[in-house]
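If you read the sequences in order, they're chains A, B, C, D, E and F. Here the first sequence is numbered in the numbering used here, starting from 348 and rising by one per residue. Here the second sequence is numbered in the numbering used here, starting from 348 and rising by one per residue. Here the third sequence is numbered in the numbering used here, starting from 348 and rising by one per residue. Here the fourth sequence is numbered in the numbering used here, starting from 348 and rising by one per residue. Here the fifth sequence is numbered in the numbering used here, starting from 348 and rising by one per residue. Here the sixth sequence is numbered in the numbering used here, starting from 348 and rising by one per residue.
Derived from the structure by calculation, the hints contain no laboratory data. This structure is a prediction, so every number in the text was calculated from the model and none was measured. Do not rely on the hints blindly, as some may be mistaken.
Note: identical chains are not told apart, hence a pair may lie in one copy or across any two.
Said to hold, decoys possible - Heads up, simulated BS3-like pairs for lysine-lysine below, C-alpha to C-alpha not over 30 Å straight-line:
id, residue 1, residue 2
1, 478, 367
2, 448, 485
3, 478, 416
4, 374, 485
5, 485, 416
6, 416, 448
7, 374, 478
8, 478, 448
9, 367, 448
10, 367, 485
11, 367, 416
12, 416, 374
Number of protein chains: 6
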Amino acid sequence: MSARYPLPAIEGLPDDLRAKILEVQDKAGFVPNVFLALARRPAEWRAFFAYHDALMTPETVGRESGLSKGEREMIVTATSALNRCLYCVVAHGAILRIYEKMPMVADQVAVNHRKADISPRQRAMLDFAMKVCTDSDKVEDADFEALHAHGFNDEDIWDITAITAFFGLSNRMASVTGMMPNPEFYLMGRVPKAKSA
Amino acid sequence: MSARYPLPAIEGLPDDLRAKILEVQDKAGFVPNVFLALARRPAEWRAFFAYHDALMTPETVGRESGLSKGEREMIVTATSALNRCLYCVVAHGAILRIYEKMPMVADQVAVNHRKADISPRQRAMLDFAMKVCTDSDKVEDADFEALHAHGFNDEDIWDITAITAFFGLSNRMASVTGMMPNPEFYLMGRVPKAKSA
Amino acid sequence: MSARYPLPAIEGLPDDLRAKILEVQDKAGFVPNVFLALARRPAEWRAFFAYHDALMTPETVGRESGLSKGEREMIVTATSALNRCLYCVVAHGAILRIYEKMPMVADQVAVNHRKADISPRQRAMLDFAMKVCTDSDKVEDADFEALHAHGFNDEDIWDITAITAFFGLSNRMASVTGMMPNPEFYLMGRVPKAKSA
Amino acid sequence: MSARYPLPAIEGLPDDLRAKILEVQDKAGFVPNVFLALARRPAEWRAFFAYHDALMTPETVGRESGLSKGEREMIVTATSALNRCLYCVVAHGAILRIYEKMPMVADQVAVNHRKADISPRQRAMLDFAMKVCTDSDKVEDADFEALHAHGFNDEDIWDITAITAFFGLSNRMASVTGMMPNPEFYLMGRVPKAKSA
Amino acid sequence: MSARYPLPAIEGLPDDLRAKILEVQDKAGFVPNVFLALARRPAEWRAFFAYHDALMTPETVGRESGLSKGEREMIVTATSALNRCLYCVVAHGAILRIYEKMPMVADQVAVNHRKADISPRQRAMLDFAMKVCTDSDKVEDADFEALHAHGFNDEDIWDITAITAFFGLSNRMASVTGMMPNPEFYLMGRVPKAKSA
Amino acid sequence: MSARYPLPAIEGLPDDLRAKILEVQDKAGFVPNVFLALARRPAEWRAFFAYHDALMTPETVGRESGLSKGEREMIVTATSALNRCLYCVVAHGAILRIYEKMPMVADQVAVNHRKADISPRQRAMLDFAMKVCTDSDKVEDADFEALHAHGFNDEDIWDITAITAFFGLSNRMASVTGMMPNPEFYLMGRVPKAKSA
Chain A
348 MSARYPLPAI EGLPDDLRAK ILEVQDKAGF VPNVFLALAR RPAEWRAFFA
398 YHDALMTPET VGRESGLSKG EREMIVTATS ALNRCLYCVV AHGAILRIYE
448 KMPMVADQVA VNHRKADISP RQRAMLDFAM KVCTDSDKVE DADFEALHAH
498 GFNDEDIWDI TAITAFFGLS NRMASVTGMM PNPEFYLMGR VPKAKSA
Chain B
348 MSARYPLPAI EGLPDDLRAK ILEVQDKAGF VPNVFLALAR RPAEWRAFFA
398 YHDALMTPET VGRESGLSKG EREMIVTATS ALNRCLYCVV AHGAILRIYE
448 KMPMVADQVA VNHRKADISP RQRAMLDFAM KVCTDSDKVE DADFEALHAH
498 GFNDEDIWDI TAITAFFGLS NRMASVTGMM PNPEFYLMGR VPKAKSA
Chain C
348 MSARYPLPAI EGLPDDLRAK ILEVQDKAGF VPNVFLALAR RPAEWRAFFA
398 YHDALMTPET VGRESGLSKG EREMIVTATS ALNRCLYCVV AHGAILRIYE
448 KMPMVADQVA VNHRKADISP RQRAMLDFAM KVCTDSDKVE DADFEALHAH
498 GFNDEDIWDI TAITAFFGLS NRMASVTGMM PNPEFYLMGR VPKAKSA
Chain D
348 MSARYPLPAI EGLPDDLRAK ILEVQDKAGF VPNVFLALAR RPAEWRAFFA
398 YHDALMTPET VGRESGLSKG EREMIVTATS ALNRCLYCVV AHGAILRIYE
448 KMPMVADQVA VNHRKADISP RQRAMLDFAM KVCTDSDKVE DADFEALHAH
498 GFNDEDIWDI TAITAFFGLS NRMASVTGMM PNPEFYLMGR VPKAKSA
Chain E
348 MSARYPLPAI EGLPDDLRAK ILEVQDKAGF VPNVFLALAR RPAEWRAFFA
398 YHDALMTPET VGRESGLSKG EREMIVTATS ALNRCLYCVV AHGAILRIYE
448 KMPMVADQVA VNHRKADISP RQRAMLDFAM KVCTDSDKVE DADFEALHAH
498 GFNDEDIWDI TAITAFFGLS NRMASVTGMM PNPEFYLMGR VPKAKSA
Chain F
348 MSARYPLPAI EGLPDDLRAK ILEVQDKAGF VPNVFLALAR RPAEWRAFFA
398 YHDALMTPET VGRESGLSKG EREMIVTATS ALNRCLYCVV AHGAILRIYE
448 KMPMVADQVA VNHRKADISP RQRAMLDFAM KVCTDSDKVE DADFEALHAH
498 GFNDEDIWDI TAITAFFGLS NRMASVTGMM PNPEFYLMGR VPKAKSA
């Protein structure tokens, strides 16, 4: 299906997009397809990555988060699997493996977070994210209290919600436009000597 | 639930947020709650409204869309109703009524778009949006072809997808944080002399 | 679709149907379409409205109900929205607005009763009605106890159940036969000077 | 659960209820529980059985139906099974066996109408009834056309819809109030010498 | 559909299959169709019935089970009904009636086990089986504890799980291949003088 | 949860189980946990692996299959992912990678087989398997015809059905008993020098 929305050439992109994309390429060794797939519409691209960074690298917008980098990626991997988004599960599973230095946890949370080798706090975090993903209309005080019991505060819950919601957007764009994960992602973080971001 | 995330005072907000919010207030006669609710996190606020404008007022980013203003709001109203998001159904139903100058269509697409008084083309557009909303993993070539048959091209389909996806994000944020629609929205566009936005 | 089942002319109807319909018209200023749509079959019409009145105006059959008029209409509006029945949501939302003198509550319970501005007792009542609507086979003692805790007795629970069940019938008839709400309903109870019902 | 709503004594009932109940008892050899369970509220009882008779014995209200007696009971049995209503599946399965003189067909349509030993026309009828039962909001022209292809006209489709809708009401009342099928029903129509109904 | 997979003649079957089938015929008075339907593939037949016997007649493999014969058949009947498998509901409903000497319990657990005339322990057992049937990924410690509270130990829970899982296999084979229940099953155990199995 | 059902020591197992397990260990370099987890009940173990081999290595029972080894594993991986069974997705994903020599296809069919890099024939095969997995009661002639159009015959369809059904059993046993995939599986077939299976 991706033939409908061919990836634009990097050279033709606006300067700010090209600069960021080359920076990512430099760091990761390749350009993740999402950067090119969305670049067909620069205004949406800018908003997408600004939103992404505000949530996933909060320190870049002067904010601290109660969630670790790995926990944020767990949310992305688990909820993207629930939405059956190939691109996001494979790409963010890779990042999760690298951040957590646990080569198996990404596959586990993608298949069934209830069986994953994670902490009870992380389990509660993913339970909540799954509910936001499929039944946000039913989220209630009791759901907040379940997270408070694990030490999450309301700002952390905003984070879990926003990350789930943002990648729900990403999942829908990737699935409908037929975005395919770069081959590099499949193996990242699985073998000890991985040298990627 | 909204007590968890109290609305910030306009005065304390960063200049760019305050300016835009005052501009909206000036035009609409009130500040829609989403502008204040998200302002607690300026970086996310900026990305959210940049994304919103890139999709909902494409002319502001130098782009034309094959969807009319009213059609874009129909997508928002119908998919937000599927997600049972009170804020978005009431607020965007209001905007839809004003844009289409059809006081009944918003309630119709919110309750059951299959029974709404809309064109076959709009019906096909909403059928697709509903599938993106709940089953984006199952979208296939046949779904594209059904829209092509009604004159939509692949850029229009990107629009339908992105609007559905973006408001899926918005729905989850609004439902979880307990965002309530401003009372003004309920009546907007229902009575002939409405003079708002 | 309603072309399949055209509304009969009032003049040709049996006397008792015509009398009641003219009485309703006199009071409301128009004839709600359900009165004509079902009149094609007088025996079913008589049973339908006899059942309706036994549940919705219990005083007319010498019974008192622990539910207020507004609460009964809330049940109708919320469960009809779950069944996505355009006619019943719009018509009974209008009646609900008039009875409760709360112009916003009908839209709220239609979109998401969990976010509506209603009492905890009403919330429990609607939670139960929603379960009767979609999962009546799973109703159990615990569901009764949850309602008892809010002061409902078993006769009240019969009322909630029967209203939900009766309008489930009504929803199916309206959706399949393509019954459309009269335009008058959309605005009723939204503007202060409404003089209907 | 039925202890909540004990069956009233026949003697204390209003004359018209008592007369009909004794007539049924005379014919069937026992009083089906639904007659007593609903009698706690005579006005609802009268409407319920008037509606029932208008649909299930149309000749009593001067109407002919394109559905046979057995077909009407098939609809009841199949949709009541979908709603998991014990009373209606057992009671109407019994009546179906007697009407069709096919001792196995009731169990077949209750478990899976797609595998039942019925005609293609009956299969189409039940497919439609199942959709009315669970997805009435999605019924469309194409569903009518599928039935027309089997010789059903729009009045027949009204019948299928109304029977499904009416027994959806009945299923909800029976499940919530804990109505239990009379033991006599289980065996009726299974053994050649059955002399009931 | 069964025309696709015609039942093989008993005479042509391998000796061990033929011997077992004749033994069953001798005992039951007829050959249940599953024995012939699966015999088209002897290796699968042998594994299927070896598995079946290990679970359903544990004494034949030197094991005792905490579940009674009737309880095991209740699990089969209830979960096969959830999977809408005609063959298994009718055949195992028959065996259940015979084992429990309760002619009504099979129909009850097939339609709605929550309304069946069974013990609280059996109700808990079936609640768990239903969850294994549809949501095995969500089974957790709390589910085990609910069964422990009724006196089931972990070996009993293995039994409930394995029986549900095995007949889930059987349901899928029977439904897809169009296996029809023998007419004899429908009446077995319903009439006092039944002399079968 | 696996603490409930500790893996037995190989030494204490019956001779035939021990022999097969040591043979597997010899070939794979480790003992896949399913061999030990099920060994707690030798009769069930024997039936399980006899069934497994009859379906997955048909040549060992003198049968040829129209499905390739890789296609059989695709079915297992895709349907186990639908059932969210961690053990089977990880273990059979590994075997699939090795058989197909395509390191990415297992992750693809596990996340969303509609986006996987497979042939239209394999796509049709997995569409059917998914329906058998979740809606076997709805499988009909049209589903058979869709597979015939891709060259599958009725024996192949039996294979697809039986593999899906058998691993549905396996998924339920693994999820409920808390079977965890051996760490070795996660990387198998992902790196060129893999020397297993």
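Verification of the supplied hints:
Within a single copy, residue 478 and residue 367 get their C-alpha atoms no closer than 34 Å, and across copies no closer than 33 Å, so neither meets the 30 Å cut-off. In this assembly of identical chains, the alpha carbons of residue 448 and residue 485 lie at most 30 Å apart only when taken from different copies (27 Å versus 35 Å within one copy). With identical chains, the CA atoms of residue 478 and residue 416 are at most 30 Å apart within one copy only, with a shortest distance of 21 Å there and 32 Å across copies. In this assembly of identical chains, the alpha carbons of residue 374 and residue 485 never lie at most 30 Å apart, being 41 Å within a copy and 34 Å across copies at closest.
In the homo-oligomer, the alpha carbons of residue 485 and residue 416 lie at most 30 Å apart both inside one protomer (27 Å) and across protomers (27 Å), since each shortest distance falls under that limit. When the C-alpha separation of residue 416 and residue 448 is checked against a cutoff of 30 Å, the pair qualifies only within one copy, where the shortest distance is 12 Å, while the shortest distance between copies is 33 Å. Taking the shortest alpha-carbon separations for residue 374 and residue 478, neither the intra-copy value of 34 Å nor the inter-copy value of 37 Å comes in at or below 30 Å. With identical chains, the CA atoms of residue 478 and residue 448 are at most 30 Å apart within one copy only, with a shortest distance of 27 Å there and 35 Å across copies.
Within a single copy, residue 367 and residue 448 get their C-alpha atoms as close as 26 Å, which meets the 30 Å cut-off; across copies the closest is 35 Å, which misses it. Taking the shortest alpha-carbon separations for residue 367 and residue 485, neither the intra-copy value of 39 Å nor the inter-copy value of 32 Å comes in at or below 30 Å. Taking the shortest alpha-carbon separations for residue 367 and residue 416, only the intra-copy value of 21 Å comes in at or below 30 Å, while the best inter-copy value is 32 Å. Taking identical chains as interchangeable, the C-alpha atoms of residue 416 and residue 374 lie at most 30 Å apart only when both belong to the same chain, with a minimum of 18 Å there against 39 Å between chains.
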